[in-house]
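Protein chains: 2
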Amino acid sequence: MLTLYDCLESGNGHKVRLLLSLLGRECRLVLKDIHAGETRTPEFLTLNPDGRIPLLRLEDGTCLAESNAILVWLAEGSSFLPDDRLERARALAWMFWEQYNHEPNVAVARFWAHHPAKCPSQEQLAQKREKGRAALELLDRHLSTRDWLVGGRASVADLCLYSYSSVSEEGGVDRDGLDALNRWLGRIEALPGFIAMEPWSD
Amino acid sequence: MLTLYDCLESGNGHKVRLLLSLLGRECRLVLKDIHAGETRTPEFLTLNPDGRIPLLRLEDGTCLAESNAILVWLAEGSSFLPDDRLERARALAWMFWEQYNHEPNVAVARFWAHHPAKCPSQEQLAQKREKGRAALELLDRHLSTRDWLVGGRASVADLCLYSYSSVSEEGGVDRDGLDALNRWLGRIEALPGFIAMEPWSD
Numbered sequence: 001m002l003t004l005y006d007c008l009e010s011g012n013g014h015k016v017r018l019l020l021s022l023l024g025r026e027c028r029l030v031l032k033d034i035h036a037g038e039t040r041t042p043e044f045l046t047l048n049p050d051g052r053i054p055l056l057r058l059e060d061g062t063c064l065a066e067s068n069a070i071l072v073w074l075a076e077g078s079s080f081l082p083d084d085r086l087e088r089a090r091a092l093a094w095m096f097w098e099q100y101n102h103e104p105n106v107a108v109a110r111f112w113a114h115h116p117a118k119c120p121s122q123e124q125l126a127q128k129r130e131k132g133r134a135a136l137e138l139l140d141r142h143l144s145t146r147d148w149l150v151g152g153r154a155s156v157a158d159l160c161l162y163s164y165s166s167v168s169e170e171g172g173v174d175r176d177g178l179d180a181l182n183r184w185l186g187r188i189e190a191l192p193g194f195i196a197m198e199p200w201s202d
Numbered sequence: 001m002l003t004l005y006d007c008l009e010s011g012n013g014h015k016v017r018l019l020l021s022l023l024g025r026e027c028r029l030v031l032k033d034i035h036a037g038e039t040r041t042p043e044f045l046t047l048n049p050d051g052r053i054p055l056l057r058l059e060d061g062t063c064l065a066e067s068n069a070i071l072v073w074l075a076e077g078s079s080f081l082p083d084d085r086l087e088r089a090r091a092l093a094w095m096f097w098e099q100y101n102h103e104p105n106v107a108v109a110r111f112w113a114h115h116p117a118k119c120p121s122q123e124q125l126a127q128k129r130e131k132g133r134a135a136l137e138l139l140d141r142h143l144s145t146r147d148w149l150v151g152g153r154a155s156v157a158d159l160c161l162y163s164y165s166s167v168s169e170e171g172g173v174d175r176d177g178l179d180a181l182n183r184w185l186g187r188i189e190a191l192p193g194f195i196a197m198e199p200w201s202d
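Protein chains in written order, with this note's numbering: chain H, 1 to 202; chain V, 1 to 202.
Hints in this document: simulated from the structure, not taken from any laboratory.
Don't be surprised by glycine CBs; every beta carbon is placed ideally from N, CA and C.
Do not rely on the hints blindly, as some may be mistaken.
Said to hold, decoys possible - Okay, the calculated bits of chain V under chain H, using three or more residues with CB under 8 Å as the criterion:
#1 58-70
#2 96-104
To be verified - Below, computed lysine to any residue pairings styled on SDA-like, alpha-carbon distance capped at 20 Å:
#3 Lys-131(V) to Pro-49(H)
#4 Lys-131(V) to Val-30(H)
#5 Lys-118(V) to Gln-127(H)
#6 Lys-131(V) to Ser-166(H)
#7 Lys-118(H) to Ala-134(H)
#8 Lys-131(H) to Arg-17(V)
#9 Lys-118(V) to Gln-124(H)
#10 Lys-131(H) to Glu-59(V)
#11 Lys-118(H) to Gln-127(V)
#12 Lys-118(V) to Leu-45(H)
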């Protein structure tokens with residue numbers, strides 16, 4: 001069976017658990033407390049030298065890191081990875097955009113809001129919120145003329161951008177007036193097998 | 001013919017030009033001055049709503065953004081994209097890691113070093129340099145037991161991480177003592193068709 005090393009606070013982890021659930025695929029879950037350094041132990045670093053979750057351990061013991069790479073690996077052969085070469089590249093483009101423009105703002109604002117001691121300054125938090133809102137507005141404009149980010153059905157691009165978008169307000173990044181984005185969140189929540197982000201537990 | 005909108009300062013752009021050259025593929029190059037706002041004009045934003053280069057325009061006029069997605073699209077069917085599902089996912093994992101851990105530190109330190117007015121503080125520059133060096137050290141450790149990042153040959157993962165690594169010292173991120181990394185840079189530079197990053201012109 002697959003094993004997922006994860007932390008329930010993480011939207012990067014949630015993406016993977018969401019796809020596993022949509023695919024109806026069983027997976028053993030091993031929770032790691034990132035605040036207690038459990039992903040920086042010598043043992044964990046042998047599994048992932050980058051010291052991060054989520055990390056997927058395959059049946060043969062090899063490990064795959066990076067949430068979006070895990071999504072692609074899991075989605076191969078399913079409807080969640082486009083067959084068409086250009087559509088697949090477009091899905092990847094959204095996923096790279098997420099890691100560069102969306103996650104470092106929307107997710108980091110949420111992390112700092114829940115862990116004020118980790119927030120370097122109110123000015124930097126305000127910048128994260130501003131850039132996070134800009135990322136959500138770009139998504140909203142794209143979704144104003146289509147139901148899914150790429151092609152005619154839900155793909156790894158949608159799943160990858162769902163998790164932190166769905167809890168953006170926890171970091172002070174509101175979605176007021178972003179109607180197309182909010183409707184798209186609802187479409188993902190209506191997929192058979194959908195699971196939500198866990199409520200944050202301090 | 002393909003058209004690449006690019007800026008010669010950019011390592012993200014260089015990755016794409018490097019792969020095009022290695023593949024011997026012709027491409028029309030259209031340079032954009034990012035400092036003069038040429039990627040934020042209404043005309044350019046219709047091509048890429050994110051307002052960034054590199055941007056690849058295909059023969060039929062459709063556009064593909066995000067350097068690493070462009071690499072994957074171009075590499076399909078060539079030796080630079082692994083055939084094996086797990087190796088392909090591992091290559092993607094390095095590419096997502098690059099956009100989250102390497103580029104925001106190594107490339108941004110270089111950008112701030114060349115454009116001091118854009119640098120928010122010396123403290124933040126020092127942090128970028130420290131995290132950039134840590135990223136290069138992780139690469140160096142991985143390369144200490146193998147020639148290429150994934151599998152037995154050069155892949156999109158190597159090309160994606162080459163460009164900014166090769167000019168890290170311009171941003172004050174040295175590669176002293178990172179022998180495996182420096183030898184790997186040399187292996188990429190020995191590939192038939194290799195082209196180097198352009199010297200920075202202020």
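Against the earlier hints, flag every one the structure doesn't satisfy and list their numbers going up. When the structure is compared with the hints, numbers 4, 6, 7, 8, 10, 12 turn out to be violated.
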